[in-house]
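There are 6 protein chains.
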Amino acid sequence: MSEVPRLTHVREDGTAQMVDVSAKAVTARAASAAGRVLLAPAAVAALRDGTVPKGDALAVARIAGIQAAKRTPDLVPLAHPVAVHAVTVDLAVADDGVDITAQVRTADRTGIEMEALTCVSVAALALVDMIKAVDKHARITDIRVTAKSGGRSGDWSES
Amino acid sequence: MSEVPRLTHVREDGTAQMVDVSAKAVTARAASAAGRVLLAPAAVAALRDGTVPKGDALAVARIAGIQAAKRTPDLVPLAHPVAVHAVTVDLAVADDGVDITAQVRTADRTGIEMEALTCVSVAALALVDMIKAVDKHARITDIRVTAKSGGRSGDWSES
Amino acid sequence: MSEVPRLTHVREDGTAQMVDVSAKAVTARAASAAGRVLLAPAAVAALRDGTVPKGDALAVARIAGIQAAKRTPDLVPLAHPVAVHAVTVDLAVADDGVDITAQVRTADRTGIEMEALTCVSVAALALVDMIKAVDKHARITDIRVTAKSGGRSGDWSES
Amino acid sequence: MSEVPRLTHVREDGTAQMVDVSAKAVTARAASAAGRVLLAPAAVAALRDGTVPKGDALAVARIAGIQAAKRTPDLVPLAHPVAVHAVTVDLAVADDGVDITAQVRTADRTGIEMEALTCVSVAALALVDMIKAVDKHARITDIRVTAKSGGRSGDWSES
Amino acid sequence: MSEVPRLTHVREDGTAQMVDVSAKAVTARAASAAGRVLLAPAAVAALRDGTVPKGDALAVARIAGIQAAKRTPDLVPLAHPVAVHAVTVDLAVADDGVDITAQVRTADRTGIEMEALTCVSVAALALVDMIKAVDKHARITDIRVTAKSGGRSGDWSES
Amino acid sequence: MSEVPRLTHVREDGTAQMVDVSAKAVTARAASAAGRVLLAPAAVAALRDGTVPKGDALAVARIAGIQAAKRTPDLVPLAHPVAVHAVTVDLAVADDGVDITAQVRTADRTGIEMEALTCVSVAALALVDMIKAVDKHARITDIRVTAKSGGRSGDWSES
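Residue numbers (my numbering), protein chains in the order written: chain A, 1 to 159; chain B, 160 to 318; chain C, 319 to 477; chain D, 478 to 636; chain E, 637 to 795; chain F, 796 to 954.
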């Protein structure tokens, strides 16, 4: 990773542009992403006991994540519209917070990693909103793509 | 923080509801949030040299963050609509990535912490999108509220 | 109700326009709405048993309704933007379907009945989507405002 | 309809997920939906006379319905994005209200029934908004899919 | 107009930021904007005869403009959210095209000129879309603010 | 251009409808559009000197245009959803204002001219917003399609 890849789409003046994917093939593509929300013990207890004041925090976060995956091109300025064909989001309560994982699939012309990352990020934001009356110091951390398949650049996954 | 605060708005059945803020006063409120995007050296170099293939990554991230702050109630299911009256976003390139900070202000009936967090999160997502052709392992981390003022619950800031 | 009320805002050419509410006072306003989704026995059983294939249908419907309340001016062309300050949605499974009720509150310049109706309607749509693999003949019915308070036109409720 | 269909996509924990349609074929699909808005005689008269205070109610409702069809995946949390390729909406004024029918077509990987239902529902909401100064007791009713074609599950229509 | 006004909100690094209006007073504000769509004679004739293939072009344009006024802060990155309290749009068919005028009102903390301009611009876009099967060379022109009232900077109007 | 083309999709009652494109082939399509923002000398100088009070006006306008291209079907009521596969926007500062050009590409079932026009229009609106503290009389003008390729109706470009 010591060199910047050369793209034919680079603009000489350095201005932002949405690169052309119209000639790429429609193929099956998938991506996974993960992240964590670090929480105080009282917040973890409220999640485990189902006593979060604003209601069912995990369900709200899951649905927010699914909806955000569909809204990625509206949030990320140069992201291409991608037809999101499947989304699963899992939230697992751990002793120090909540682990969030998401898997996203499509059959389209470009990768779907940004949709997976957006799904995890917004699920995390929604979780923080639900729990903030209990813990105003929640921290969203370690959001990254964990696996990718399909497309020309090859499959890979976090070991 | 060893006890869950009591809210009069809690629903006995634990279902999610948007709590009532209509009787709260319109007052000046502000919040700051921060986060980081950890990047490989090649990506940091591309940012510093202005050679990111998709264009001006820092400007795109900044604008994405500002727009996302305004769209917070559309992304976070139980967040109240808040009139966002000011947003500043700063992205500082460091040796191991980019530090993102945001300040948001309003004169409204409820706090604006979620807007600050959403601003930082979406700025981070947009930055990852811009740089992903150079570094597919970018990691978004340490997103949290760093200061808050206004409202009944008191002012505070990260020491 | 035998006469059309006279509004000073009427346009002689009959074209659609958003009437002026800028001079109205900011006051507390609330509205309730209700509706039903009629379902086959298998669908009611799936809801009661928690075996709906796509997941927790009632939670999804509730959250969809809350979010739609906030998006009313984006859906209803001449609706004024209103700051939605509280939303509660209840879904009660009955023998022949699901009863949906919503209450919405604001402190703003115009009424919030459309927000209550939109909340119920979109909660109903989301419920139909969740259950349609089980019952493709779901029917949304009896959506109406059931009570209103605040504003110049007086309070009322369905007897 | 006495048994819940088995879907391979069911999650054991009952959480909501967007099921995978990426392997389904792109085929022509269509759906029709219908519904009614029940109105007081004064409102029916205003529609027939073109004297609705806020303007051309039927045109506003029709356009609101078309736009809502396109926005279905944004409103219905687990709905897949579908490329809406045709929408027709008809509003017929009857003695006791307005009959709304919609037809929606696509060439995509999943059915378009939710788009047809959303189109009718939002056209109805927009109509209620236009007429509410004349009739605050409008009632939206009998919204259902009336016909469907394309896809593996077979064609059918309301007899 | 020979000098750039000094704003205290200017950032030394020249980056884009949403300036702070939270301390400004809520006052009545209004703005008018105008523009034209230049059309071929066949298109003007189709508008006058009501034979535009896609349907009632003027109604569609009017409604698109009203909705766009409400969506201004979502389209214009640094625009503040403003509560749009009234919108009127007029389209007058002339021999060489269509004249569009819009008036927008609010009681809020900042001006509403961008809402008026966005209203006219999107009404023009919608009109071009309706008529493009008849005239593919439609031209949108002369969009500008024509009058403004309210706020500290004084009232003015195009003479 | 002396006759209105006959479309089989015309509705006898003249109501607006989204015409059916589901049977059209997915082919490569492109469109270019252009427009101008006329500005006072002080505004041109501020753009050239990089001293626009609200920040980097050209970058904001460019990004606003790209995002608007993706949002075209949400703004233009009867526009079909089109998968935007590439967008480039250029803003050139001239002595009397800024020239805006955009190129948009897709592989889809219908043309992408409206996306190109929307891109230029919203880039122009964003530019006006950035510069309005310096020049409140900015004028958006001469927005039109300048070239089109792909689809049955043939290629053409402004000579």
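The set of hints was computed from the structure by calculation and includes no laboratory data.
Cβ coordinates follow ideal geometry from the N, Cα and C atoms, glycine included.
Honestly, I wouldn't trust all of these hints.
Sample of chain F residues lacking proximity to chain A, with all beta carbon distances greater than 10 Å (derived) [said to hold, decoys possible]:
(1) D808
(2) A823
(3) A854
(4) I858
(5) H880
(6) W951
Some, not all, of what chain B presents toward chain F, calculated at C-beta under 10 Å [unchecked claim]:
(7) T186
(8) A187
(9) A193
(10) V203
(11) R207
(12) V219
(13) D258
(14) A266
Structure-based check of each hint:
1. D808: Holds: least Cβ distance 34 Å, greater than 10 Å.
2. A823: violated, 6 Å
3. A854: violated, 7 Å
4. I858: For I858/F, whose nearest Cβ neighbour in chain A is about 5 Å away, the distance does not exceed 10 Å, so it is violated.
5. H880: violated, 4 Å
6. W951: holds, 20 Å
7. T186: Violated. Min distance 26 Å.
8. A187: Violated. Min distance 22 Å.
9. A193: violated, 21 Å
10. V203: Interface hint status for V203/B: violated (21 Å vs cutoff 10 Å).
11. R207: violated, 18 Å
12. V219: holds, 6 Å
13. D258: Status violated, d = 19 Å.
14. A266: Given a least distance of 20 Å, the restraint on A266/B is violated.
Comparing the model with each earlier hint shows violations of hints 2, 3, 4, 5, 7, 8, 9, 10, 11, 13 and 14; every other hint is respected.
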